[in-house]
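Take a look at the letters that make up each chain.
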Amino acid sequence: MNIKLYVQTLLPALGWTALLTVTSLTVGVALGLVIGLARVGPVRSLRNAAAIYVELVRGIPLFVQILYIYYGIGYLIRNIYVPSPFVSATVAFGICYAAYIAEIFRAGFQSLDRGQAEAARALGMTRRQTTRLVLLPQAFRNILPALGNEGVALLKDTSLASVVTIGELTQAGRALSSLTLKSFEVWTVVALIYVALTLPLSWGVRKLEARLRVRGAAHPA
Amino acid sequence: MSAAPLIRLKGVRKSLGGKEILRGIDLDVAKGEVLCVIGPSGSGKSTLIRCINFLEIPDQGTIEFDGAVVRPDESLDRHRARVGMVFQRFNLFSHLSVLDNLTLAPSRVLGLSADQATQRARALLDRVGLADREHAHPAELSGGQQQRVAIARALAMQPQAMLFDEVTSALDPELVGEVLEVMKGLAREGMTMLVVTHQMKFAREVGHRVVFLEGGVVAEEGKPEEVLERPKGARLKEFLGHFS
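Chains as they are written, first to last, in the numbering used here: chain A, 300 to 520; chain B, 4 to 247.
No lab work stands behind these hints: they were computed from the structure. Among the hints, a few may not be true.
Facing chain A, according to a computed beta carbon distance under 8 Å, are these residues of chain B, among others [what the hints assert, rightly or not]: (1) G45; (2) S49; (3) E59; (4) R81; (5) N94.
Predicted model only: the values in this text are computed from it and were never measured. A virtual CB, placed ideally from N, CA and C, is assigned to each residue, including glycine.
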């Protein structure tokens, strides 16, 4: 086993995987929050639009979404802007995960005691202030474990980005495999790296979950 | 008590879930008056009090405050800011410390500086006997303490009137007294108060006037000793019978 070759190939690939996870999750959470807010908001048309978004995006395989955005949309707008594979993948992951994260936010908001919003409104706070200062912090605390799980899932899903030629772990594994012809060895190492990345993440999520549960048990809402 | 009422309800009607809860309420609350609202469950007491700060928007009728009709538009937040409300289930902001519960609205709604808001909050916590708990979170307090914080939170807005919606109903019996004490203090200082309550002793001792709500209308009203000691209607007699 050529350790040096493995390190040279897989280390930068690991960087791409990590970077893609972070950027995609950022887009996914930001967009998911907006859509989730629309989903529970007072404006019916926005509620409907958000619901359609969620159903549409959840109905299309992520793999197809990536191809659609990089090759499909990319071709359509080629005269105006040519997105890089990285930007395309980030957008695709962000859009896809936003749908799932929006549902998590929706559940988070809907699980809150109605009295919290009433108390805020009764003090003269606007709807916006109520959401930002009272509901969002509480919802966020409740959904943190679920968001963590999405992060773990996203990390693994970034392997799909290899299809648009991003040199992330899976893409690097393919290159390494055809170079060395040692498929079993290469894919074992790649698989183990994914595990090494996700294990601490899941562990962190579980710790967080446990801590929130204890807090919830000690202080019933 | 001055002649012009601070709060005036005219023909207020409200339906919830297809059922008419309030069926034409006319009611005046004078400045500095402590008005206690009693009645069986489902009589519309809570809905009535929630209509005054428009947590429920009346279907019909008007609510005047300080001589002006309150409208459910952009001015509503300003109206709510001058009417304090305390809930049965406290509804303290569970993610914030006691101190932050008291400073949030004064700083965000009234624009007080952090120092001003904190100063005001500490004075109020001292007044409700919780000066040493400002860093606690609501879930770390007893029900009675939470409700006292909730009263202080409402007072931090320096409201012109206070609404109390069965504020002792969710409390263990031994914790009721500490909350009623705070309310008595407020009444002594001349705060205009609308108190939905099952505490007949409080109504008798602190209330200036008692209203008996039955089936969404005011069935009887008058001085506490009249309404509570010499009830006219059979329904009120029966209702009061549950408390003796």
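Structure-based check of all given hints:
no. : hint : verdict
1   : G45  : violated, 19 Å
2   : S49  : violated, 12 Å
3   : E59  : violated, 10 Å
4   : R81  : holds, 7 Å
5   : N94  : holds, 4 Å
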